[in-house]
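Asks: Please put together the full structure from these sequences, using the hints given.
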Amino acid sequence: MNLKGIKAGKIFDAANMLFLIALCITILYPIYHMFIVSVSDGHAVLRGDIKLWPVSPSWDTYKAVLKDPDILNSYKNTFLYTTTGTLINVTLTAFCAYPLARKKFYGRSFFAVLIIFTMFFEGGIIPEYIVIDALGLINTMWAIVLPPAIHVFYMIIMRTFFQQIPEEIYESAYIDGANDLRIFFRIILPLSVPVIATITLFYLVWHWNSFFPALMYLNEKSQYPMQLIMRNIVIAGNVAAQESAAASMNAMITGQNIKYAVIIVTIAPILVVYPFIQKYFVKGMMVGSLKG
Amino acid sequence: MKTEALAWKQIKSSGYLYLIFLVPLVYFLIFKYGPMFGILIAFKDYNVFQGVLNSEWAGWKHFESFIFDPYFWKLVRNTLLLNIYMIIFYFPAPILLALLLNEIRFKAFKRVVQSISYLPHFLSTVVVAGMLVNFLATDGLINQIIASLGFNKIQFLMLPEWFRTIYISSDIWQKIGWGSIIYLAALSGVDPHLYEAAKMDGANRFKQAIHVTLPGISSVIMILFLLTLGDLMSIGFEKILLLYTGPTYETADVISTFVYRRGLLGADFSYGAAVGLFQSVISFLLIVGANYAARKLNATSLW
Chain U
1 MNLKGIKAGK IFDAANMLFL IALCITILYP IYHMFIVSVS DGHAVLRGDI
51 KLWPVSPSWD TYKAVLKDPD ILNSYKNTFL YTTTGTLINV TLTAFCAYPL
101 ARKKFYGRSF FAVLIIFTMF FEGGIIPEYI VIDALGLINT MWAIVLPPAI
151 HVFYMIIMRT FFQQIPEEIY ESAYIDGAND LRIFFRIILP LSVPVIATIT
201 LFYLVWHWNS FFPALMYLNE KSQYPMQLIM RNIVIAGNVA AQESAAASMN
251 AMITGQNIKY AVIIVTIAPI LVVYPFIQKY FVKGMMVGSL KG
Chain X
1 MKTEALAWKQ IKSSGYLYLI FLVPLVYFLI FKYGPMFGIL IAFKDYNVFQ
51 GVLNSEWAGW KHFESFIFDP YFWKLVRNTL LLNIYMIIFY FPAPILLALL
101 LNEIRFKAFK RVVQSISYLP HFLSTVVVAG MLVNFLATDG LINQIIASLG
151 FNKIQFLMLP EWFRTIYISS DIWQKIGWGS IIYLAALSGV DPHLYEAAKM
201 DGANRFKQAI HVTLPGISSV IMILFLLTLG DLMSIGFEKI LLLYTGPTYE
251 TADVISTFVY RRGLLGADFS YGAAVGLFQS VISFLLIVGA NYAARKLNAT
301 SLW
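Residue numbers (my numbering), protein chains in the order written: chain U, 1 to 292; chain X, 1 to 303.
There's no promise every hint is true.
Simulated crosslink set (DSS-like; lysine-lysine; CA at most 30 Å straight-line) [what the hints assert, rightly or not]:
#, chain 1, residue 1, chain 2, residue 2
1, U, Lys63, U, Lys51
2, U, Lys104, X, Lys239
3, X, Lys199, X, Lys107
4, X, Lys110, U, Lys279
5, X, Lys296, U, Lys279
6, X, Lys107, U, Lys279
7, X, Lys175, U, Lys51
8, X, Lys110, U, Lys283
9, U, Lys10, X, Lys107
10, X, Lys12, U, Lys10
11, X, Lys296, U, Lys10
12, X, Lys153, U, Lys51
13, U, Lys103, X, Lys61
14, X, Lys107, U, Lys283
15, X, Lys74, X, Lys175
16, X, Lys199, U, Lys10
17, X, Lys296, U, Lys103
18, X, Lys175, U, Lys279
19, X, Lys239, U, Lys283
20, X, Lys207, X, Lys107
21, X, Lys74, X, Lys61
22, X, Lys175, U, Lys283
23, U, Lys51, X, Lys239
24, X, Lys110, U, Lys51
25, X, Lys153, U, Lys283
26, U, Lys7, X, Lys207
27, U, Lys104, X, Lys12
28, U, Lys221, U, Lys63
29, X, Lys175, X, Lys107
30, U, Lys67, U, Lys221
31, X, Lys175, X, Lys296
32, U, Lys103, X, Lys107
33, U, Lys221, X, Lys239
34, X, Lys239, U, Lys76
35, X, Lys107, U, Lys7
36, X, Lys199, U, Lys7
37, U, Lys7, X, Lys110
38, U, Lys10, U, Lys221
Everything labelled a hint here was simulated from the structure, so no lab data went into it. Model, not experiment: these values are computed from the prediction.
Replies: Here it is, written out as structure tokens:
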């Protein structure tokens, strides 16, 4: 029985590894495919010749894409929204988590219920739109960065972290004459760099990838973030501007080249930093799932 | 009297905490409770010039009109079906992946597979939808493969019968790895002695997986399952918005996309808010129910 068991186990191990390798290929190939199409010659793309390697590769498509004023401008907007938004996110999330983590904060359970209730019930997009409109935020950056300022789930992660800081630290700080404000900035925040870094990353990616708030609240093309510009190019197929830019460079570029190049340009920053920061995300996810 | 005095003392001593808390509190009141107050328009005939407070009351008019609208029930059907198919096809996928990864002894291989499988989680909905639209186009990758195998090309995104398959399989592609993290964490908490004992009793690896591993993570599976049930009424709104086309509304249009289209694009604010409220209330009841059930089962609160 044992010998048979060992043999069956080996067959299973081999099949398991093959399956997981197949899964990895299924995940990676679509991204790789977009890349090799984007750098290949347009004629080969039209013939459907691009399988494993690029055909007569060049960077012409990327030159055409990165020359496009709309794309460049949308990149700039996304950069602005992402940095401003994340700064607001992290500041407000910490401001919210710290008092809620303090036992002496009178009314803390009332405020906690008030806040957690918003996770379960919300007004919906129409009433939210009316509020943003009433505040005069339509067509401004603030409609993008203010409404998602505090993500309750991340706030809970941060509060859990703050709660693990031992009470003695506060006591000795009080003896040294520090108040709660000082303790927050001088002691608690420096001690919480790991959790703050993780949550900053979560917010950064969220803003980078966000598209619906912009669709809802921004009407001027000059304000569009790149996800929205990308939608117009990649999904709605508005590639005329880039095609004429390519034509002026005498490059043979198809709509397909341009669409995939735009996608690659958008995800490139994530792909580049991903291997280095991946473990922080996983750690944050663990803290959240165990304690959330 | 005495407790009041104590409370007052406590409030005074946390003065700085209130100062810090002020901005977050104002944020929640304006951006979360403001819209809840705005729900009033679901019971009014909202008029932009009169505002929320001064618009005419309409009672349950909007609710009645959508409950008697056959299209509304099509939306409910689409929302529920998409979610139920998600539970059947997506929900087990990360569990399976976690179990398979757990059997890998070659640690470096396991780490690489994990890193790769988490990657799509970080791609935006627009990117994933953009990939789908282009891969599924008549001259796209998938149809190239279909044609090279000698079959007829399919206009995937124009055919209602394909929409749910596309939606769910791309969700599995994007989320299977990230979803497995929580199960892997649970798996690492299973007591190794149990495996030793099972081995002593002559259990092979398959039997160990069934009798030790699965029971070890069953409470996590149960909690996540209940959470999924709690989410039954809401579904990846953005992806549908990006993927659906007129011809696929039949299966693709869900409550939230309808609210956006009719309420916001069609400027039918009150009607949209009423449909949105209907959805929010049912979601709320489902989530509270799921949370209650999870608490009963597990004796630990989810929040």
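Asks: Under the constraints set out in the numbered hints, which ones does this structure not fulfil?
Replies: The structure conflicts with hints 2, 5, 10, 11, 13, 25, 32 and 38, although it agrees with all the remaining ones.
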